[in-house]
Each structure stands twice: as C-alpha cells, then as structure tokens.
Amino acid sequence: MSNTQTRNEARTLTGAEIVLQALKDNGVEVIFGYPGGAVLPLYDAIFHQNAIRHILVRHEQAAVHAAEGYARSTGKVGVVLVTSGPGATNAVTGLVDALMDSIPVICLTGQVPTHLIGNDAFQEADTTGITRPATKHNYLVKDITKLAGTVHEAFYVAKSGRPGPVVIDLPKDILIGKGPYTEAPKTEHRSYRPQTEPDPAQIKAAVALLKGAKRPILYAGGGVINAGPEASRLLTEFVRLTGMPCTNTLMGLGAFPASDPQFLGMLGMHGTYEANLAMHGCDVMLNIGARFDDRVTGRLNAFSPNSKKIHADIDPSSINKNVKVDVSIVGDAGAVLKALLECWQADPQPQDRNAMAEWWRQIDQWRAKQCLQYRQEGSIIKPQHAVKRLHEITRELGRDTFITTEVGQHQMWAAQYFGFEKPNRWMTSGGLGTMGYGLPAAMGVQIAHPDALVIDIAGEASILMNIQEMGTLAQYRLPVKIFILNNEYMGMVRQWQELLHGSRYSESYSAALPDFVKLAESFHARGIRVTRAEDLDAGIREMLAIPGPVIADIAVAKDENCFPMIPSGAAHNEMILGAGQSGGVAGVTDEGKVLV
Amino acid sequence: MPTPTPCPKNRFMPDSIDPSFRNATIAVLVENEAGILARVVGLFSGRGYNIESLTVAPVDAERRLSRITIVTSGTDMVIEQIKAQLDRLVPVHKVADLTLEGPHLAREMMLIKVVGKGENRMEALRLADAFRARVVDATTESLVFEMTGAGDKLDAFIELMRPIGLAEVTRTGVVAIARGPRSLQS
Ligand SMILES: Cc1cc2nc3c(=O)[nH]c(=O)nc-3n(C[C@H](O)[C@H](O)[C@H](O)COP(=O)(O)OP(=O)(O)OC[C@H]3O[C@@H](n4cnc5c(N)ncnc54)[C@H](O)[C@@H]3O)c2cc1C
Ligand SMILES: Cc1ncc(C[n+]2csc(CCOP(=O)(O)OP(=O)(O)O)c2C)c(N)n1
Ligand SMILES: [Mg+2]
Chain A
1 MSNTQTRNEA RTLTGAEIVL QALKDNGVEV IFGYPGGAVL PLYDAIFHQN
51 AIRHILVRHE QAAVHAAEGY ARSTGKVGVV LVTSGPGATN AVTGLVDALM
101 DSIPVICLTG QVPTHLIGND AFQEADTTGI TRPATKHNYL VKDITKLAGT
151 VHEAFYVAKS GRPGPVVIDL PKDILIGKGP YTEAPKTEHR SYRPQTEPDP
201 AQIKAAVALL KGAKRPILYA GGGVINAGPE ASRLLTEFVR LTGMPCTNTL
251 MGLGAFPASD PQFLGMLGMH GTYEANLAMH GCDVMLNIGA RFDDRVTGRL
301 NAFSPNSKKI HADIDPSSIN KNVKVDVSIV GDAGAVLKAL LECWQADPQP
351 QDRNAMAEWW RQIDQWRAKQ CLQYRQEGSI IKPQHAVKRL HEITRELGRD
401 TFITTEVGQH QMWAAQYFGF EKPNRWMTSG GLGTMGYGLP AAMGVQIAHP
451 DALVIDIAGE ASILMNIQEM GTLAQYRLPV KIFILNNEYM GMVRQWQELL
501 HGSRYSESYS AALPDFVKLA ESFHARGIRV TRAEDLDAGI REMLAIPGPV
551 IADIAVAKDE NCFPMIPSGA AHNEMILGAG QSGGVAGVTD EGKVLV
Chain B
597 MPTPTPCPKN RFMPDSIDPS FRNATIAVLV ENEAGILARV VGLFSGRGYN
647 IESLTVAPVD AERRLSRITI VTSGTDMVIE QIKAQLDRLV PVHKVADLTL
697 EGPHLAREMM LIKVVGKGEN RMEALRLADA FRARVVDATT ESLVFEMTGA
747 GDKLDAFIEL MRPIGLAEVT RTGVVAIARG PRSLQS
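Heads up: the sequence lines are chains A and B, in that order.
Counted the way the working numbering counts, the first sequence spans residues 1 to 596.
Counted the way the working numbering counts, the second sequence spans residues 597 to 782.
Worth double-checking, as some hints may not be accurate.
[As the list claims (entries may be wrong)] Computed list of lysine to any residue pairs in SDA-like fashion (alpha-carbon distance at most 25 angstroms, straight line):
1) Lys690(B) <-> Pro200(A)
2) Lys679(B) <-> His189(A)
3) Lys211(A) <-> Lys142(A)
4) Lys690(B) <-> Ser160(A)
5) Lys159(A) <-> Gly631(B)
6) Lys159(A) <-> Glu658(B)
7) Lys159(A) <-> Ala680(B)
8) Lys690(B) <-> Ala763(B)
9) Lys324(A) <-> Glu658(B)
10) Lys146(A) <-> Ala634(B)
11) Lys159(A) <-> Lys679(B)
12) Lys690(B) <-> Asn322(A)
13) Lys142(A) <-> Glu658(B)
14) Lys679(B) <-> Leu300(A)
15) Lys388(A) <-> Pro479(A)
16) Lys690(B) <-> Met356(A)
17) Lys690(B) <-> Asn619(B)
18) Lys679(B) <-> Ser317(A)
19) Lys159(A) <-> Arg778(B)
[To be verified] Residues on chain B that point at chain A, a partial pick, calculated with CB under 10 angstroms:
20) Ala630
21) Gly642
22) Met673
23) Ala680
24) Val686
25) Lys690
26) Leu707
27) Asp751
28) Ala752
29) Leu780
Derived by calculation from the structure, the hints in this document are not laboratory data.
A virtual CB, placed ideally from N, CA and C, is assigned to each residue, including glycine.
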C-alpha cells in the first residue's frame, strides 16, 4: 500500500489489503484472532504491515471475549479475525455474549470462495445463517467493489445506537482478488439512523413527575456505560442535584460512584435490601439505559407496583418490552441526562423536601439491616471477605484497577463487595452469563491498558472453560491476575440445588481439579495458593507485587450462599437475606421453579 | 385454513388474559438484499411471535426496495414490540401498523382447484360467478378458479367448495395499503 497516492482517488488493492486499510481508517490498533486456510490472505497482509497489532489467542471464543474486554474498557470497537467453519462456529458464544450485553465488536470470518459456497466445501459453514440471530447485523461480501464500504458500514452499525456485534463473512476469492479502496462515506446510512436526541416534551414530562415525587429512585444500567464516561459524569451530577437515591444494574456498576452516600448498591436478584425495597416502594422510577431484565424485576406483576415509570433508552424495543412505562424517552443516555439536567434547572416547581427527607429516613432503616454483612471467623476464608480485602488492598495501592469476572457466585460477590467508582472498570458477562468470559476479557483489557492492574475474579469451574488463554498471557507478557474463589463447587448451581432441589447436589461438585499453582507454572506464570484467613492479605499482596501473570487460588468456604437473593418468581419484597435472617425457601413457587 | 388464533396467556404474566389481544397487518419497507427475509422470519420465530401470513416483493423501479406485509396477532404490548424489533433491523427503512394507523385495504389472491363432474361442477361454476371468481383452467373433471379479495371472502368461498369437490388451495397471503394519500414510500 503506497502512501504517495492521494486519498481521494480510488486505489486498487487486494481484498485483504482493503480490509486492513479500512480497519486502519476506522482507528483500529489491535485485532484478536486465530488463523486458518480461509483467512491466510489476511494474515499475509497483516505480516506486511505494522500499524495493526494482531494478538494470537488460543481459542476463537476467547478472541471475541478479549475484543469485548477491549471494547468495554475503552469505548472503542473490538475487532476479531477468525477462519471459516470451526473458527466461525467457535466465535458464536462470544458473539451472542456481545449481543446480550450491547458490546461493539466486529468479527471478520473467513469463508470458502464464492463459487464453492453451498457445496459443503472443506471448512464451510453457513456463517451468516448461523450468526444472524447472534449479531446485531452481518454481511457476506460477494463483490469486491463493496468490500471497503461494507467494512466502514460495519463500524457504523457496531457502535451507533445500541451497540452490538457485527460479522463480516469474507470468501477467500474476495480476499485475494483486486478491487478499489473507497473511504468511509460522509452521507447518512440508507436505513439505519437511530435517534440519539430525546424529545423535549418527554423530558419535560419526566422532570414534572420527578419534581413532584415523594419517593423517587434512579435505576441506571449498562446503557449509561455504553454512552461513554461523560454520561456517567452527568448521571452523578443529576443524582446529586436531585437528591435522589441511585441504584445500578450489574451492567451499570461504575456508572455512579459506589462510595457515594446516595448509592444504594446493585439491585435485582442479588441486589441489596435497600435497593430492592426502594424500587418496590418508590412512587417515581427513572430508568436510564437499563432493560428491566428478569434478574432485576423479579415477578413482573409484583414489580414496583405503585410507581410511575420513566424509561430512557436508545433502543425503542427496550421500552415497554417487559414493563409498561408511563413516560418513554428514546435517546442516548448522555443526551438524555444533559436534557434532564437543563430542564430540571429551568423548571420552577420546587421539590417536596420533607417527603424526600422522609424517604431517606426509610432508606436508612433498610440500610440498617446491613444485608451484605458476613462474619469472618476462624481460618476458613469467606469468599465475601476475600473480595472485600482484594478491593481494600487494591484501593490502597491506588493503581487504576479493572475487574473482570467469570460467572457464578464469585461474580455476584465481586459485584457486591468490590466498589466501582468509575465507568469502564468492570467487565462481566451479564446477559448471557458465559462461564469462561473473564480470563479472555481480562486479556483484552490489559492489551488496551498495559499499565493498569487487571484482575479476573474467577470460580474454579469457570476458569477452566478458557484456561488455554494462559498461553496468550505468557506470549504477550500480559500481567493479568486471576483471583480464584475456589469453593470446589459450581457454587451458583449448588446454591440453587440447595434452595430448590432439596440439597441434591447433582453433578455440581468440582471433582479432579488441577493443581492451579502447577498449572500456572506450566504456562510460565506464577501460582499462589491461600488456604487460611490469616494468610489472605499476604497472599493478595504477593499476587499484586508479581510483575507478570498470576493465578491466586484462594480456598474459600465450600458451602457459602450468595445473599441477599430474590428467588426466581418472587417479588422484590420477598427477598431472602443471609442465613441467619432467612425465612427458608418458602418464597419459591412452582411457577418460580421453571424460571432460570 | 387459518383458524382464529386463541388468545394465549400473556407470556410474562401467566394468569392474565390481556383484552388488548388483536390482529395487526404490518407493512415493512426493506432493502432488497440477500438474507432480508431470513432476518424478518428469524425474528418472528426466535421471539415467538405469530405469523398468519407474509408476502414480499420488490416495489421500486430499481428493485432496491422490497415491501413485506405481515399479518400477525398479539397484545398491544407485543405488537408494539414486533414493530420496534422490525424497525431496529439494519436494512429496514420503515414499519407501519396499518391496522392501527387508519383505514386500509387488504387483499389476497387465491387459486383454488375443484374436482368433480355433473351437478357439483355446475354448482361450483354458479357459486364462482356469485363470488366473482374467474375460471383460469378447466378440464372435464376439474376447474381452477382465481379469486382476489379480503381474506374472509376467500375463506367463505373455500368453505362453499369443500362439499362439492375442493381439491387444492394456494393463497398469496395478504397485501395491504393505507387508504387516502398517506404513503410509506415517500
Ligand atoms: C449469575 C447472574 C446473576 C445476575 N444477577 C443480577 C442481579 O442481581 N442484578 C442485576 O442487575 N443483574 C444481574 N445479572 C445480570 C442480568 O442478567 C442482566 O445482564 C442485567 O441486569 C442487564 O443490565 P441492564 O438492564 O443495565 O442492561 P444492559 O444489558 O446493559 O442493556 C443496556 C440497555 O441500555 C440501552 N442502551 C445501550 N446504549 C445506550 C445509550 N448510549 N444510551 C441509552 N441507552 C442505551 C440498551 O438498549 C439496553 O436496553 C445477573 C447475571 C448473572 C450471570
Ligand atoms: C458456559 C456455561 N455453562 C453453564 C453455565 C451454568 N452455570 C452458571 S454458574 C455455574 C457454576 C460456576 O461455578 P464456579 O465457576 O466455580 O463459580 P462459583 O459459583 O462457585 O463461584 C454454572 C455451571 C454457565 N453460566 N455458562
Ligand atoms: Mg466454584
């Protein structure tokens, strides 16, 4: 690719060069990938340049999670490159994960040459067919003159509106053939133009409801993170201006500072007592960038029964999907918050200060339950305590810290006990709940933030699902810390079996676990094992002091349950608190049992 | 034959039967590109929405735009969801709920084969005349009628043919358009 040609005149390049040029023009610096026959032309083009760095993962699923971690921690689009057939099918779990959590990812997949498509050719899979419901949108490029335009469009689609994964399927003859390079069009997209600016009338209606509220609450979700750090700043400003309590979904953690006195913690199935009861008892609810997920609402016909609901979301299909709302605002969370702030300040109507003070007194009573309290006694490490100490010690260190998780109890404890003060520091698989997400996501975060502290809070079962990525950590010297809360159980499964299936622990014991210390060492990393509470702090400090990748295998109580818990099918005010305060499992109905 | 869909339980509140359950004729203007029909159909099957009928064909001179007409049913909330879900597909230009937005015309075409002789055959021809069905194929023992109209008119004709030799039916599904000057393709 020569630089001497002027930018405007259409240059003729190979398909592979066109793809790389388009990636560069869209600001891509890193791609996560794994080679194979169908993408060899792209790998050859990568060999010939230095602008884009390729990170070789050990499994294509991990490439997508790494791209997700990269994207979520930077706000940029994550890029993946995999081969046809098994390369593409291995990526599918990652794609659905990104779809569910609204993460912008572009996945380039190799494909057999166009004349062989449909022939059951070697390593052929109907990638666009398979990934249609797994992506926000996908493309099969059959005409090289459309290649550059398709890549540009894919970036626009992945990051605008509600972000999501986009697949571009690239037949090998297209990669080898020659065609024109065209720059990103300046014109609007033909059909996809999501609304980002809110309707002022709806903003006014929202402010009128909020000003008159006696028991308001702000429920903010992942959409605020999607909208960029400025939206989180505006959220914080708005909450402080209005004096309202604020709760975050699992995906929204970090959008509002956890240490702020107006923060009620996470809500939902494993949310705090105060957040859930405030949601249940509020008279006006403002939802910004959250999607009334079933893990948040509990039983729908008992969800916040006496409130007026305002919902702001960039995706109209999120509004009135599960919960019917009174005021709907379509727009970007940042733009909505800006408009709300301006409208609030311009609106002469006073707030009901007395009612607000009364509301906070009520909330303080709920808080006094101290629903997240646990007792660390004796030598056996409580998993909650391990996370709490990890948080406190990393806070002392003062390094910019990013947390990823796997899926299970440890994920919930991380959400409950690790306070996030800033957005983009918390990467977790919320919607799909993909075990094996955390390690590759941490890789992606570390690539984007080489000097930051990146920790995967893991379970001993989940970590094995993408353990091969230890090889990637070693190859690129990524100093990711893997902090395993090892309860020797698929703890979340065990907990449900205890509560719903008469303690019949069918297949949920983590038998035949590896020696994680030796496992780490065999992958050129360091391993630490901590078994006694007295040694926990030292173990954490040792882990943090090691400059390279570490697995810290923390043996924790085997039978600890994650509370509070709203059993599936129950309402917010039917929460089970910690063991001592639990009313047993009376809350689980037969209808609840069929829910996941 | 399409029997009326029984009102299903609301999928989120198992005990309630929502009185807003209704039929909807939805028109969708889309890019005429490979895979678009699969996207739309996949959306309906993936999310468990009903499809009573679906028709599609390009509608502009350059064949860049296609119009899909879908007859579906659901509660108001589900139909609002269907529209929003369709609208967020990248190649979708416009979505309109013709049932909600005002008076509209809905037509369907059918070819119907009746096999029989003698009095039955005469009766079929008489009824076809009354229904303005055209004979488009005839042998000594069979007739094929072409008929256009609203779905219930087609249903009624089929019912009449059933006892006198109904052999085969093929229907296009509904195409629909708003009455008056309003246009989806502006
Ligand atoms: C084991 C387990 C337990 C869980 N328990 C809980 C729990 O107790 N509590 C909990 O909260 N979650 C829990 N979850 C996560 C849960 O499944 C959902 O993933 C999560 O609640 C969804 O978060 P959200 O509503 O913020 O939506 P997200 O999935 O983050 O969706 C974002 C919403 O914002 C919109 N949006 C996107 N971009 C923008 C923008 N720029 N502007 C405005 N809007 C935008 C989107 O359209 C979407 O509607 C759990 C998950 C697992 C695996
Ligand atoms: C890929 C995948 N398979 C199965 C599940 C179901 N599942 C959810 S949590 C869990 C157990 C996780 O065990 P572990 O990683 O040890 O975490 P813990 O709950 O013990 O903290 C399982 C099997 C899942 N979420 N993802
Ligand atoms: Mg475990």
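Against the structure, the hints:
This hinted pair checks out: Lys690(B) and Pro200(A) have alpha carbons roughly 23 angstroms apart, not beyond 25 angstroms. Of the pairs offered as hints, the one joining Lys679(B) and His189(A) holds, with about 20 angstroms between alpha carbons and a cut-off of 25 angstroms not exceeded. Of the supplied pair hints, the one linking Lys211(A) and Lys142(A) is violated, its CA atoms being roughly 56 angstroms apart against a limit of 25 angstroms. The straight-line distance between the Cα atoms of Lys690(B) and Ser160(A) is roughly 18 angstroms, inside the 25 angstroms bound, and the hint therefore holds.
The straight-line distance between the Cα atoms of Lys159(A) and Gly631(B) is roughly 22 angstroms, inside the 25 angstroms bound, and the hint therefore holds. Between Lys159(A) and Glu658(B), the direct Cα distance comes to roughly 30 angstroms. Violation of the 25 angstroms bound is thereby established for this hinted pair. Between the alpha carbons of Lys159(A) and Ala680(B) the distance comes to roughly 19 angstroms, so the proposed pair stays at or under 25 angstroms and holds. For a cut-off of 25 angstroms, the pair hint linking Lys690(B) to Ala763(B) is broken: about 39 angstroms separates their Cα positions.
A C-alpha spacing of about 42 angstroms is found between Lys324(A) and Glu658(B), which places the hinted pair above 25 angstroms, so the restraint is violated. At roughly 21 angstroms between alpha-carbon atoms, Lys146(A) and Ala634(B) fall within 25 angstroms of each other, so this suggested pair holds. With a CA separation close to 22 angstroms, the supplied pair Lys159(A) and Lys679(B) stays within the 25 angstroms bound. Taken as a hint, the Lys690(B) and Asn322(A) pair is honoured in the structure, with Cα atoms around 24 angstroms apart against an allowance of 25 angstroms.
Of the supplied pair hints, the one linking Lys142(A) and Glu658(B) holds, its CA atoms being roughly 20 angstroms apart against a limit of 25 angstroms. Using a Cα cut-off of 25 angstroms, the hinted pair Lys679(B) and Leu300(A) holds, with the two alpha carbons roughly 22 angstroms apart. Restraint check for Lys388(A) and Pro479(A): the C-alpha separation of about 22 angstroms stays at or below 25 angstroms, so the hint holds. Proximity of Lys690(B) to Met356(A) is assessed by CA-CA distance (about 44 angstroms); at most 25 angstroms being required, the pair is judged violated.
At most 25 angstroms may separate the alpha-carbon atoms for a hinted pair to count; Lys690(B) and Asn619(B) meet this at roughly 20 angstroms. Between Lys679(B) and Ser317(A) the alpha-carbon distance is near 8 angstroms, which keeps this suggested pair within the 25 angstroms criterion. The hinted pair formed by Lys159(A) and Arg778(B) fails the criterion: a straight-line CA distance of about 34 angstroms is larger than 25 angstroms. Among the interface hints, the one on Ala630(B) holds; its C-beta lies about 7 angstroms from the nearest C-beta in chain A, closer than the 10 angstroms criterion.
Here the hint on Gly642(B) is kept, as its CB sits about 5 angstroms from the closest CB of chain A, short of 10 angstroms. Here the hint on Met673(B) is kept, as its CB sits about 6 angstroms from the closest CB of chain A, short of 10 angstroms. With 10 angstroms as the threshold, the beta carbon of Ala680(B) comes within range of chain A, its nearest partner Cβ sitting at about 4 angstroms, so the hint holds. Restraint check, Val686(B) versus chain A: the minimum CB separation of about 4 angstroms is within 10 angstroms; hint holds.
Of the supplied interface hints, the one on Lys690(B) holds, with its beta-carbon coming within about 9 angstroms of a beta-carbon of chain A, less than 10 angstroms. Using the Cβ-Cβ criterion of 10 angstroms, the hint placing Leu707(B) at the interface with chain A is not satisfied: the shortest such distance is roughly 31 angstroms. At a threshold of 10 angstroms, the smallest CB-CB gap from Asp751(B) to chain A is about 33 angstroms, leaving the interface hint violated. For Ala752(B), the shortest C-beta to C-beta distance to chain A is roughly 37 angstroms, which exceeds 10 angstroms, and the interface hint is violated.
This hint is violated: Leu780(B) has a C-beta 13 angstroms from the nearest C-beta of chain A, more than the 10 angstroms allowed.
Consistency note: the structure conflicts with the earlier hints numbered 3, 6, 8, 9, 16, 19, 26, 27, 28, 29.
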